[in-house]
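If you read the protein sequences in the order shown, they are chains A and B.
For the first sequence, position 156 (counting from the first letter as 1) is numbered 156 according to the working numbering, and the numbering increases by one without interruption.
For the second sequence, position 260 (counting from the first letter as 1) is numbered 260 according to the working numbering, and the numbering increases by one without interruption.
Please note: incorrect hints may appear among the correct ones.
If chains are identical, the list can't say which one is meant, so a pair holds when it fits in one copy or spans any two.
Said to hold, decoys possible - With a Cα cut of at most 20 Å, we get these calculated EDC-like pairs of lysine to aspartate or glutamate:
| # | residue 1 | residue 2 |
| --- | --- | --- |
| 1 | K124 | D237 |
| 2 | K186 | D94 |
| 3 | K124 | D175 |
| 4 | K124 | D259 |
| 5 | K124 | E231 |
| 6 | K157 | E43 |
| 7 | K157 | D250 |
| 8 | K284 | D175 |
| 9 | K124 | D264 |
| 10 | K60 | E226 |
| 11 | K93 | E219 |
| 12 | K97 | D267 |
| 13 | K186 | D264 |
FYI, nobody ran anything at the bench for these hints, they're computed from the structure.
Protein chains: 2
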Amino acid sequence: MKDQIQRRRFIKQSLAAGGSMFFMANLTSLKAEKKIKNILANETLQTIHNLRTIHGNFSKKNLTHDQIRDIVDATVQAANSSNIQTYSIIVVKDRQKMQNVCGYQGGCMLVFCADHNRIHRSAKYLGYSYHSDNIINFVTATMNTMLAAQTAVIAAKSMGIDSLLTNGLHRGDMDRVWKILNLPEKNCFPLIALILGYPTEEPVYNKGRLGGVGVVHHETYHSLTEEDLDEITAAYDDHSTHLALNPDWDKQGFSHYQDWLYRDWLDEASNPINQETQMFQLLKRSGYVDLQNES
Amino acid sequence: MKDQIQRRRFIKQSLAAGGSMFFMANLTSLKAEKKIKNILANETLQTIHNLRTIHGNFSKKNLTHDQIRDIVDATVQAANSSNIQTYSIIVVKDRQKMQNVCGYQGGCMLVFCADHNRIHRSAKYLGYSYHSDNIINFVTATMNTMLAAQTAVIAAKSMGIDSLLTNGLHRGDMDRVWKILNLPEKNCFPLIALILGYPTEEPVYNKGRLGGVGVVHHETYHSLTEEDLDEITAAYDDHSTHLALNPDWDKQGFSHYQDWLYRDWLDEASNPINQETQMFQLLKRSGYVDLQNES
Chain A
1 MKDQIQRRRF IKQSLAAGGS MFFMANLTSL KAEKKIKNIL ANETLQTIHN
51 LRTIHGNFSK KNLTHDQIRD IVDATVQAAN SSNIQTYSII VVKDRQKMQN
101 VCGYQGGCML VFCADHNRIH RSAKYLGYSY HSDNIINFVT ATMNTMLAAQ
151 TAVIAAKSMG IDSLLTNGLH RGDMDRVWKI LNLPEKNCFP LIALILGYPT
201 EEPVYNKGRL GGVGVVHHET YHSLTEEDLD EITAAYDDHS THLALNPDWD
251 KQGFSHYQDW LYRDWLDEAS NPINQETQMF QLLKRSGYVD LQNES
Chain B
1 MKDQIQRRRF IKQSLAAGGS MFFMANLTSL KAEKKIKNIL ANETLQTIHN
51 LRTIHGNFSK KNLTHDQIRD IVDATVQAAN SSNIQTYSII VVKDRQKMQN
101 VCGYQGGCML VFCADHNRIH RSAKYLGYSY HSDNIINFVT ATMNTMLAAQ
151 TAVIAAKSMG IDSLLTNGLH RGDMDRVWKI LNLPEKNCFP LIALILGYPT
201 EEPVYNKGRL GGVGVVHHET YHSLTEEDLD EITAAYDDHS THLALNPDWD
251 KQGFSHYQDW LYRDWLDEAS NPINQETQMF QLLKRSGYVD LQNES
């Protein structure tokens, strides 16, 4: 009991010392207290635990030149294979362009592309041949690119700047992204748009995450049992976890959150079956698919 | 001049206040001073600018249970599409297993896999059909996975723990990774191994990165000119940038670092041409390639 009171005091102090809405939302659960312990461990863990996605409500405030420079300088520090940085980052300040590329706009957009063009051009310039025409190069470049993208997200958050990572650029006619950004058709593929900025209103809580069975495995992969599936279902159904995209699933008559998720959200229409996807066609055009010349 | 002296004093103070070898290596360049300015901006940017890759020399010291828990708790905070976390993280403490999976070992290994099995199982358990049999799901899951992986890297570094992100698990017979970790053949693909731990010796400097032309573009993609290619070649050749994997390229008779890079490092042997790659075959087996049943 005394221990509990001390913990409460601890939490209150952390709130006084600059706590965010994140603390408020989860204050009741033990899990939250564990998180708060982490958060207090160091500023970087605090930054990571305060990460949140802002959707349609970025303010009109733009990022400054210095902020963008500091974020980009941090971004390229991410590890990458052979230190050849097989990515390109397109910095976009034009809000209409942001909207056209990914359907959102904010204080700045960084478009992250897997890209071997610099390597191709440099190699040729020095008289060497180089190719990147297979899936290995695409997967490796995608990994390099996304390590950089998350570094940008965390760097921005540490500077008080919120973010939205969106694959909106993969919706609709994807080729528009090449056209709007003047991307090379070959050896380049746009992966994700990062909108940076400030929200017009503070979210009431941050989304939760699954962090146990089904996500984290020990020594070998653990196949889910029925008990595990019940546990996962219950975790999504527990409103205090904030795992749900749609917090009103029960008011809308669903027995479980995941009923809404599988029936209304992850619908098959947006996930073509028995036909080649636009993404695969464009990946073939980029040269990042094995033997694409024969297909 | 007075300004310069003040800057030097500033740098000396920052060194006294806990600077690492990173500062020492770059102390002379203006770029480094800009970096130091960033580093002082907040702890998270400092953490990011101090990131470094440790290769063969992790010490025998293992991560504690609490350290691993704190890193994993931070890791899952990364943004992900539809909050369905289409990844699995295998925590491996067995050093021989680390070695067999990726060719390295350290204080702990996290293997990050794109994975839709939890979603498939949960959907089926609740009576829904769900499929992930195309490249869109693979690319989206890979992006989610890598956002989490870099969050782990930065969280660990903030706790004084260094890292190695390696695609060593894609070398040799890749199917061994499925066997060793008991991964599902379908709807799961191992992407990267993250070794965490402590180095036996401090690196003398941190690797540099290109952060300008060819990497960062403004508003639209900029195709490299000959002037740009000269600038990039010179940047790699400048020993003070620490961009080179092999700092002795000139002693070994190469005119430019990139001569070594394209001739001796990025050799074609490790990058098959005109034949289907093992990775593509295994991606097809996983179901993550469009219309894989027809090929």
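Hints the structure fails to honour: Structure breaks hints 2, 3, 7, 10, 12, 13.
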